[in-house]
Amino acid sequence: MNSAAENISGSSEGQGSRAIEAVLGRAFTIHLWEDRTRGEQWVPSYNTKALTLVDDQFLRVASNNAVENGQRTFEFQGMLLGTHELVFEKRMGWKFTAEDRRIFLIQVAPPGKG
Numbered sequence: 001m002n003s004a005a006e007n008i009s010g011s012s013e014g015q016g017s018r019a020i021e022a023v024l025g026r027a028f029t030i031h032l033w034e035d036r037t038r039g040e041q042w043v044p045s046y047n048t049k050a051l052t053l054v055d056d057q058f059l060r061v062a063s064n065n066a067v068e069n070g071q072r073t074f075e076f077q078g079m080l081l082g083t084h085e086l087v088f089e090k091r092m093g094w095k096f097t098a099e100d101r102r103i104f105l106i107q108v109a110p111p112g113k114g
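Per my numbering: the sequence shown = residues 1 to 114.
The hints are simulated quantities; they were obtained by calculation from the structure and are not laboratory data. Here the structure is a predicted model, which means the values were calculated and not measured. Honestly, I wouldn't trust all of these hints.
Below are the SDA-like pairs computed for lysine to any residue, each with C-alpha atoms no more than 25 Å apart in a straight line [said to hold, decoys possible]:
1. K49 with N69
2. K90 with T73
3. K49 with G70
4. K49 with E68
5. K90 with Q57
6. K49 with H31
7. K90 with I103
8. K95 with R72
Hey, can you work out the whole structure from these sequences and the hints?
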């Protein structure tokens, strides 16, 4: 059994969705850039019966100035077979609308035989 998590980067801008193949019960990660100096925060929306958020980390990029930007890493686990939508909205505390949106279609498949 492969215990390594699948890593996905959400660096693509614009509309549309990205497909991710996941295995039931195994972790997969999504990486998104975030600038906390501007108040940016990625907020995920998903069916909590189909996907479980296992971990949420922020790795600040080393810099000589006061900017706090870096990579946000979300680790999920597929709990139900099928295709599930995972939407990330880049929010700012003083705005009512999202600054950006990333849509991922998670295809959760059964573990392979063997």
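Hint check results:
no., hint, verdict
1, K49 with N69, "32 Å, violated"
2, K90 with T73, "14 Å, holds"
3, K49 with G70, "30 Å, violated"
4, K49 with E68, "34 Å, violated"
5, K90 with Q57, "16 Å, holds"
6, K49 with H31, "22 Å, holds"
7, K90 with I103, "12 Å, holds"
8, K95 with R72, "20 Å, holds"
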